[in-house]
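Start from the sequences and build out the full structure, keeping to the hints where you can.
Chains as they are written, first to last, in our numbering: chain A, 1 to 407; chain B, 1 to 279; chain C, 1 to 364.
Just so you know, these hints were derived from the structure itself, not from any lab. There is no bait here: all hints are sound.
Stretch-level coverage of chain B by chain C, calculated; a stretch enters the list once three of its residues show a Cβ under 8 Å from a Cβ in chain C:
#1 96-103
#2 112-124
#3 153-162
#4 206-213
#5 224-235
Simulated pairs of lysine-lysine, PhoX-like, Cα-Cα distance not exceeding 25 Å:
#6 Lys284(C) with Lys107(B)
#7 Lys129(C) with Lys53(B)
#8 Lys101(C) with Lys5(B)
#9 Lys102(B) with Lys361(C)
#10 Lys170(A) with Lys138(C)
#11 Lys307(A) with Lys130(B)
#12 Lys3(B) with Lys96(C)
#13 Lys23(A) with Lys133(B)
#14 Lys56(C) with Lys403(A)
#15 Lys130(B) with Lys96(A)
#16 Lys6(B) with Lys182(C)
#17 Lys66(A) with Lys309(A)
#18 Lys130(B) with Lys66(A)
Quick list of the computed label-pair ranges, beta carbon to beta carbon:
#19 Asp353(A) with Ala139(C): 47 to 53 Å
#20 Ile22(B) with Tyr55(C): 44 to 50 Å
#21 Ile15(B) with Gly151(C): 24 to 30 Å
#22 Pro281(C) with Ile22(B): 30 to 36 Å
#23 Lys69(C) with Arg4(B): 49 to 55 Å
#24 Phe346(C) with Arg4(B): 53 to 59 Å
Backbone N, C-alpha and C fix where the C-beta goes; we use that ideal spot for every residue, glycine too.
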Amino acid sequence: MKIKALILTALIVTLVAFGFAGKLVINSYNGDPEPRRVTNLLLEMFNEQYPDIEVELNIFAHEDFKTLIRTWLPSDDAPDVAQWFAGERMRYFADKGLLESMDDILGGEKWNEFFPEAFRSACSYDGEVYFLPESWYWWGVYYRPSIFAEVGIEVPETWDEFVAACEALKVAGYNPITIGTKYLWTAAAWFDLLNMRVNGLDKYIEVLDGKVPYNSDEIKETMEYWAVLVENGYFNDDASALTWQEALQRMITGDSAMYLMGQFIADSFPDDLEDDLDFFRFPVIKEDMGLYEETPIDGWMLPKNGKNKEEAKIWMEFISSKEVQSFIASELGRLAANKDVPAPNAHAQKGLDMIMESDGVIGFYDRDTNPEMANKGMNGFVQFMMYPEMLDQILDSLENDRKRIYE
Amino acid sequence: MLKRKKISFAFFFYIVSISILILWSIPFIITAFTSLKSMDEIMASQYWWSVPKEVNWENFYEAWTTGHMAIYFKNTFIVTIPSVLGALFLSTLSAFALSFYKFRFSKAVLILFISGMLIPFQMLLVPVFKFSKDIGIYNTHIGLILFHIAFQIGFCTFFLRNFMKTIPVSLFESAKIDGAKDIRIYSKIVLPLSLPAVAALGILEFTWIWNDYLWSLILLQSDNLKTISLGLMNFQGQYVSAWNSIAAASLITAAVPLIVFLIFQRYFIEGLTVGAVKG
Amino acid sequence: MFMSKKRWWVPWVFLSVPLAMYAIWVIWPIIQTFAFSFTEWDGMTSSTFIGFENYKNLFNDPIFWTALKNNFRWLILFVAIPIPVGLLVAMLFDVKLPGGKIFKTIMYLSMTLSFVVIAQIWSWIYDPKNGALAVTLKAFGFANLDELIQGAFDFLIFVIIPVIIAVIVVKIIDKSVRLTGKKALFAYISLMALFIILAHVLKIFWDPQVETSRFAKNGFPWLSDPNMVTYSLIMSAIWRQIPYVMVLYLAGLKGVPPALVEASIVDGANWWQRFYNVILPMLKPATIVAITISVIDSLRAFDIVYAMTRGGPFNTSSVLANFMYIETFNNYRMGYGSSIAVIQFFITFGFIIVYLGNALKKEG
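This is the structure in structure tokens:
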């Protein structure tokens, strides 16, 4: 009798111990249909490789995730792994002590085994690695080659060529550049790229860090170029009423010719028009300026308050491996962060080449600057696009915000 | 003469009613059209609201399966029904107390119930989240249910009190003479007479809680506990929104409150009128 | 009613559970919100007490004043339109002709759709070039929003006002020369026609134009014209609010004893008198609820604004709840957001107390 009880207890204890080996809770924002499918497949792969680890994968809508992350991180049982963006967005949390360093698995030279050196700073805080990059994509000026051919335009490389192309398109009855600024970030891309072409990468990083006044001459110079496009009516007038996707529709129906957008634009393009979509590098403004682009990086981070750090790190290693990164890249047509993974298709290869030939990159305006500053800044950009004559007021107001936020 | 008047009135009635309805249904019709199109067609059509060129009934099936709607439906029922019943029941109690008893704090309590409705509820998100975590009901259905009940009590009490006030106190006299206790008056007189109001309230509450989004978002984390409104948002990605799936899923989701409306509407029609001079 | 010294505890027994739950889940968080409004807090780490700093910043924040202005627009339109229209629709559909039930149901549909989908569909209806509204108006001959606004304004000044003047004139004439039946009809029509014609002659010399933004001249920028956007949002919300008020009044109408109405017919009351003197007073509880809720909802408006414009373009359609949400959850300023909520609370409280105080006083 006693022996039976002992065995039973031992059994229960073991079961309980394994049961409480903890469920690995992973929270993701891959709500888009394709990424969601792939993330679920990843889970299956992980389960095959590590059958002892019980995983709970929760997928949230993107906007919701951004709201919720701030309630999860400080709470007592935060998720063990959370998807997020590299750059300031991640550093914001690291700075508040809400993230766990991953230096033991990815720090120092270990980083270079997996990822390009160029990504390190975007994934680090205070010299330690806090972020695991999974995939990234580039931004470029996407256009309809058929429309260009019809109007007789060549792909512009310099600013003057670009403006001339816009004018030719406008004269021919097209809306040269489409944009949907309802959710603000599409306007930020113009700010980013124009700044990098006019002021260079280092100066722009200072802007993002809040060290440069928004009404300074450098920024005013950038805005002058933007004003040329706005005042000549090259953008669609109703941009603020449209989501980026609704603005894309204008390009699909052939009303608009160009769209400054990220690689994922191809996902929304109808299959039968796939061949009629291409992109070119954002035009050069100053001859002697380096070529800088933007490449937002998505990946994973480790909340400090998660309960299962060991299992979480196993997930991190799993994701950083070449096999998994190849899988993700080929399924989604994205560029893997892992440096050994080739581009999955011709479109991605072109983007990869463009970035490899560049002299430096940032993430994106609203990922690399303080979130509140980003919100105020982007609202300012939208206002500028609607009322370019109010530029000075807008910049002064943004400067007030910057002073308040950074000082 | 009377017949002519009746016919012309009926004519007028139908013309006006149907015009109003057509106007009101337009967004709904557009939703229906959207749910039947493919994303490619949506993106390529000039008009968002055009009649679908190809009818894709499988969108509904797709939305149901890829959207895991079966589980979300189950969860939403699990959350909504107890919440509505709980809120209605408790509010009849508090409304009863506030309608028929004169006591020092009655006006103050009523104002307290109303003040809860005055604040933007987003403001309650963080405190309620923290509280739910602290007492261990975070990420549970019961946590969400308790919250819904508590939160709706304010409005429901206010609503029901107003209706209960129209019940003539004279009806209680005969019961009191018979020595009825307060609880009997509540259950045998007031409650039955308040039925139209309770039914109306039930319909509104059901619709709100069924469609509730913010609180399910904040108080639930695990995917297998989520409610349908969250499930809908799953179709709205970071970059790409699957509008046809959202439309299809919304229609499926909207069917339930609609059916509830049809069922409980009866109580309006049968008109259990207050103030029946029962003598 | 039932009040004896011995049994003072009876109502409290009834109130115990509901009040307790309400206090824990609603009242206590509200008090906490008040406390947060005096701090600077990112919602995640520790907070610092800063006194009234948030409120000071709020009063200097232009977005706050824009939001406040917009909320008042919501308030006025949200009460003035859905309440009478909801009542009319309820009375209309309550008529005992076949089909009433289906009509009520179809109206109710607009409340059953989740706001995510409503926002998306209305955005499409509001599309500046190809939206349902834009296309319909173009078919009626309006090329853009500017023309529509000018047209509406002209209609108001040169048609509605002359009609009103005509009616007044007829009523004046009626005082001296008794006008009945066909004569009255003739008087109305001829005078209306006369005044409208006179007005249009006047228009040749004096044609006031409404000032509109340059966006209004390009298609129908319902959501991108800063002057128009709030009204467009309010219209979508009203579309949803009217069925809601309808349900409230349907319940209320059930409480109107038909005997009373019949008695008034016997007394010779015409339809207006029946409505105004018999039915309307019996609908008082429903009206009180409808008005209270419309006031509260207008000052609390969030989901339509957030889903359709996020308060844009550049905060011109912002309302207090939306402003608070973005500051709290986007910009991580929980303290600041709380102060916005507190202000909103007091404004709404003020209105409700005044209104309810009045309405409830008559109950005694």
